[in-house]
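Protein chains in written order, with the numbering used here: chain A, 963 to 1251; chain B, -18 to 314; chain C, -18 to 314; chain D, 4 to 503.
What the hints contain is simulated information worked out from the structure, not anything from laboratory work. Think of the CB as a built atom: it goes at the ideal place given N, C-alpha and C, for glycine as much as any other residue. Among these hints, one or two may not hold up.
Claimed, not checked - Short derived list, chain C residues pointing at chain A, Cβ under 10 Å: (1) N29; (2) T132; (3) Y136; (4) T154; (5) I156; (6) I227; (7) Q235; (8) Q291; (9) T297; (10) R309.
What the hints assert, rightly or not - If you only want the chain B side, here are some residues facing chain C, beta carbon under 7 Å, derived: (11) L13; (12) V73; (13) F112; (14) G117; (15) L120; (16) E289; (17) T295; (18) G296; (19) I299.
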Amino acid sequence: QDKPYVALISKGFQHQFWQAVKAGADKAGADLGVNVTFEGPDTEAQVDRQIDMLSAAIAKKPAAIGFAALDSQAAIPLLEQAKTAGIPIVAFDSGVDSDIPVATAATDSVAAAALAADKMAELIGSEGKIAVVAHDQTSRTGIDRRDGFVNRIKEAYPKIEIVSVQYGGGDQLQSTEITKSILQGNPDLKGVFGTNEGSAIGVVNGVKELGSKVTIIGFDSGALQKQAIKDGLMAGAITQNPVGIGYKTVEAAVKASKGETVDKKIDTGFYWYDKTNIDKPEIAAVLYD
Amino acid sequence: MSDNFLAGLIGKSQGAGGARYKLLAFGSLILLFVVFSLASPNFLQTSNILAILQATSVNGVLAIAATVVIITGGIDLSVGTLMTFCAVIAGVVLTFLGLPLPLGIAGAILAGAGAGFVTGNIVARLRIPPFIATLGMMLILKGLSLVISGTRPIYFNGTPGFTSISQGSIVGTVIPAVPVPNGVLVLFAVAIVISLVLTRTALGRYTFALGSNEEAVRLSGVNTRGWKVAVYTLAGAICGIAGLLIASRLNSAQPALGQGYELDAIAAVVIGGTSLAGGSGTILGTLIGALIISVLANGLRIMSVPQEWQTVITGTIIILAVYIDMLRNRNAS
Amino acid sequence: MSDNFLAGLIGKSQGAGGARYKLLAFGSLILLFVVFSLASPNFLQTSNILAILQATSVNGVLAIAATVVIITGGIDLSVGTLMTFCAVIAGVVLTFLGLPLPLGIAGAILAGAGAGFVTGNIVARLRIPPFIATLGMMLILKGLSLVISGTRPIYFNGTPGFTSISQGSIVGTVIPAVPVPNGVLVLFAVAIVISLVLTRTALGRYTFALGSNEEAVRLSGVNTRGWKVAVYTLAGAICGIAGLLIASRLNSAQPALGQGYELDAIAAVVIGGTSLAGGSGTILGTLIGALIISVLANGLRIMSVPQEWQTVITGTIIILAVYIDMLRNRNAS
Amino acid sequence: MTDLVTMRGIDKAFPGVRALKGAEFDLRPGEVHALMGENGAGKSTLMKILAGIYRQDAGEVLVGGQPVDLGSPRAAIAAGIGIIHQELILMPHLTAAQNILIGREPRKAGGLLLDEVALNAYAADVFKSMQLSLDPRTLVGSLTIARQQMVEIAKALSFRSRILIMDEPTAALNDKEVNELFAIINRLKADGVGIVYISHKMDEIKRIADRVTVMRDGAYVGTVDARETPISKIISMMVGREIDNEAPAAPDLSAAPVALEVRGLTRATQVRDVSFAVKAGEILGFAGLMGAGRTEVARLIFGADKADSGEILLGGKRIDVVAPQDAVRCGIGYLSEDRKALGLATGLDVRNNIALASIPRFSKLFGILDEQAMHAAANEYIEKLAIKTPSDRQPARLLSGGNQQKIVIAKWLLRDCKVLIFDEPTRGIDIGAKSEIYKLLNALAAEGKAIIVISSELPEVLRLSHRIAVMCEGRLTGFLPAGAPQEDIMRLATMRGAAA
Ligand SMILES: Nc1ncnc2c1ncn2[C@@H]1O[C@H](COP(=O)(O)OP(=O)(O)OP(=O)(O)O)[C@@H](O)[C@H]1O
Ligand SMILES: Nc1ncnc2c1ncn2[C@@H]1O[C@H](COP(=O)(O)OP(=O)(O)OP(=O)(O)O)[C@@H](O)[C@H]1O
Ligand SMILES: [Mg+2]
Ligand SMILES: [Mg+2]
């Protein structure tokens, strides 16, 4: 009952990525002897729902709060309120435009997506048409992964043409239909990048149903994606370290609540994985089902 | 008699007098086909037409479930999450318990019927307005799907035949040129069966009667509560079929999916000419409504229209589609 | 009459008559307060109560807009994305064009009224069913918000007073102990004004009359189309206010937000005792409905219930809340 | 003096129906001009054209000698034409006063706000002038159909039109209210208002009308002087034949078994301790003033409402009726007095409305319906009751009022009940069909069915009943034999606060 307690407000909770973050956070909670709660809105568009969650979290007077901001500015008044109440904030997944958070544990999404672009270019021979099935048009990760990928292609690979960027909301079925339509409209397509787990699975599904041969690059992890890579349907994917994000967020939060100093920036890293390295222990450790 | 069935399938079934078959939005569907065919050479290809049909299968089946409820004058917001719930139950039966495929199929459909039975009782016996009852069920089923699955997808890798429920093609083995996916066959089978139920059986008759004037039906000595429960149970069972289709298509039960699907389903119903006030409606209309939604999405994507404009255009065309066909019908009569 | 029979059952109050105020779900709201207060000491604190009210402000205003339309027997699915559209217009006026605050406020409300005017004409003149008309508008406005904003949030950092529309506290400057946010005052102001409009003005009278029996109104020589357009225009203007509230709260216009909010708004209306069949309803009921939704969300969060269970419990309580108050009303009469 | 209204060569077709074929009509100031014809003859359609609700396909309408285009209800109102609709068209969620003044609400605060006080005062005035005691603030949806009819009349009067159309205004009214309405009509006449009066009640025509125009099958038959023309002549103009309306002699029921017995039936103040018995083969008439509680007794027997106390015995055995389905299963049928709200499923076609209470009979394996048999059954009654419809697939809502009433009667005739309760069965039904229905009821009684007829038309109660029960304020105040004088009935019907 009297265990200190850390509230994590994430960007979502139903998706595998966030469940992996939660798993890491829970593990840290168990290791460090704190209770952890984890909450997030249904979609990454619901900025105000997240604000309401943050507000309820502050009312509970936790030892510290971990916060993955859907918008870099919208929550600032509440963060100030938390600061006044003496609740330290640790930002995770993406930062906020404020120096209130004592630390930020995040992946560099732009760099991660640029790596996906390089891999794509390598696999299709640096020329031809490709498409992007993104998960979101307006969320931070959606924008960063799309732009990281698209800009890298534009800068470094002039012979590659991105014919279509469409958004499936991370919904597997919708992403499937989008992929099929793009393939129908562009029979000579050479590659598709799916920007998160749901999108990537949708791309794999759509390609499989149409029986096309295109190079697929995914993002994040999950059982179907791992299977698709093993089966050779997907060339490879970028994974972050969600378990690490969750763990390090809670770790930093606990430290901050005790008044200890923490690193301002915690880079949790990202990795390329494909058939060749998927079973290596250092990769297997950052993958999740 | 077959005349009556046809009326049910195509016309504003009850009371249209068999003479005038007013098909809301059918003309618009044709128009969309023509426009997209001209706009992109890739649109009118067998593989794309099959893709459109495949894309219609899940929403089409959900829309059929919604149609039945809407004809009684109700509304069903829970079709999307009930679909997911049924997919999860199939996952529990097949993957967690490792039971054979037919039991998984039965499990999903029974789970749907069971949930529909609960909803029906909330509506008919507790007399909660259908909007609230199904909103509540929507949330309950959404939560339960996450709880039961442990907030993670359940995969069907251990059940080899499972993906062919939707993705296989019985037709393709006979006529290789037209590999119509099984999911599409399921959609048509459900459409025909439910059309027959609506036009030829006592359940169907009471469905329309309840939507027309429930009190008059009650005062005719009909057990209106019982029949209403039956209608919701039927709708639930149909959602179970949708759950199997989507799970088979994704080879997994995705517990987070489903919310939001009810809007597409109800939209298909209303575009198809069924009135939300109840008492009228056809399954064929609903199919056409569902097709319009898929054709629009597919065509705009094929043309690589930027997505924000896709949304604007879709909204406009939905309104226009209904308007054009209202004009057509008005002139015809 | 069966209509009226039903009315008796679900305790439809009659705004225009003002005779019996059977308030659906009021008892349940009290009950929820008691339960959560006992469950967590953090619940019944001034700051948390203010947070609940603040959380209600946007949905409450949207629900008021939805109420007006629903009383006419229509439905408005576009309230959520119209809110966003208005927020974006405020962003265009204040941030892109750099005009002063009052113009931004006027711009948002006018944009809302304009969109409502368009919807009203689609419904009343083209005679498209409200469900389709507002579904179409929902998509159109969603797309336009993204197009106009360039799919990026618009921040209001250049307009210093903007955040205080919702976040500031005029009350707090007078009574520092109870810093009721201005957004809550706006909600109450809108509620009072619209309540008066509904009960005291011709527009209100026709709103109820249209929902009760549109044909009767038309046969009495009333310009039903014109009044219907007026109702939708009013609802649109109210959405404009909601747009200002949410933009001020987030200090930004978030163009992707909005879809899905219509369901919460309509749910608040129906929980508040307004019938989707039209002809009856009260703003007070809608406020209570919106509060029930916020209190539930807040209370369950405060109790740290796992999120998937929150969903299940919310669904159950929504059904129970309506049921309990139906029982209460039945016993009372 | 120019005619107020002249209608010439009016044609109007609906899909599948030619409702009017060269119909003619004219109306003079200060007269009551009755429009007569069988159910479906086109009376309401012709008047809806005059009220701007429909537009004629051919023909012209002159108001005050000038050709006019009555393209909308608004235009008709502006031309001084008011109408009392046959099917009540009111807003149930609004109060009586709000209904009456819809579109013409008194305002205050410079037109910004509604003046509810003035509104209610105005309506109260109208009610007072009609001798009607009704709180203007009552919700219309909570009123009985008779009172709703009075509101509809009040609304039409409040327009102070020069031309007033009354489409079966007395169908739901009792004698007292009819008298009050006639007093109003006489006052309006004196003011020079022209009144079109549609009714199937012959005695009313004699009492109030100056001229009579008869229509048949949408066509004009002729116009005659109301006072000088014998009723039989008018009837034969309407139906093209003579009607025999002789009541058969009451049968001897001394040996017949009791079919239905009711003991101590009570519900709040509406029904107080009502006990009676009906024998097999008997027609028991129920008389009483408006609100006497007859409908409520029927609803309690049928399980449509819940009784506070009392028991119901069928064939000597106590039955437990909690819902209409229980009553129907036991063989009790109830024809409700409000066909639009409680009788007809307006969205369904004629066939399904007639079959609505008998669906199980037509269900075969898996609940599949035998449409052929339903079609045959529907057609049998379409013929027997002369229901005017293009086919049994016509949506019920498109039929004329009287024909809709015949459909709900057919529904219960088809159901083959042991006990039939008919509440205002001939409301809106033409004289020819009425006598057919009387014959049918007599035949059913002769087959051994027990029949209860509730009617506000005394002649009907007297013509049909073997025995008459009278109610007042929820109590049964007495029984009278067939052929009892009207005065006796009225005495029992006004016996306040007394037990039987
Ligand atoms: N909207 C409509 N659509 C189709 N047919 C109609 C419509 N309105 C009326 N009819 C038909 O027109 C004919 C005339 O109907 P009308 O209502 O004028 O009869 P009526 O003389 O008033 O009969 P009643 O005495 O039963 O009221 C009937 O056969 C009726 O079925
Ligand atoms: N829906 C209702 N709401 C309120 N009071 C009602 C309602 N229906 C009936 N009553 C009241 O119940 C009592 C009995 O009415 P009931 O309709 O049974 O009388 P009735 O003899 O059939 O008269 P009527 O000729 O009006 O049909 C009356 O006092 C009436 O005012
Ligand atoms: Mg008529
Ligand atoms: Mg009665």
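Verification of the supplied hints:
1. N29: 4 Å, holds
2. T132: OK, holds: T132 of chain C within 10 Å of chain A, min 5 Å.
3. Y136: 6 Å, holds
4. T154: 17 Å, violated
5. I156: 19 Å, violated
6. I227: Holds. Min distance 6 Å.
7. Q235: 5 Å, holds
8. Q291: Hint holds; Q291 of chain C Cβ to chain A Cβ min 8 Å, cut 10 Å.
9. T297: Not OK, violated: T297 of chain C not within 10 Å of chain A, min 19 Å.
10. R309: 29 Å, violated
11. L13: This interface hint is violated because 15 Å lies over the 7 Å limit.
12. V73: Status violated, d = 16 Å.
13. F112: F112 of chain B check passes; min Cβ-Cβ to chain C is 5 Å, inside 7 Å.
14. G117: 4 Å, holds
15. L120: It holds, given that the least Cβ distance between L120 of chain B and chain C is near 3 Å, below 7 Å.
16. E289: Holds - the Cβ of E289 of chain B comes within 7 Å of chain C, reaching about 4 Å at its closest.
17. T295: It holds, given that the least Cβ distance between T295 of chain B and chain C is near 5 Å, below 7 Å.
18. G296: Given a least distance of 3 Å, the restraint on G296 of chain B holds.
19. I299: 5 Å, holds
Violation of the numbered hints given earlier is confined to hints 4, 5, 9, 10, 11 and 12; the remaining hints are satisfied by the structure.
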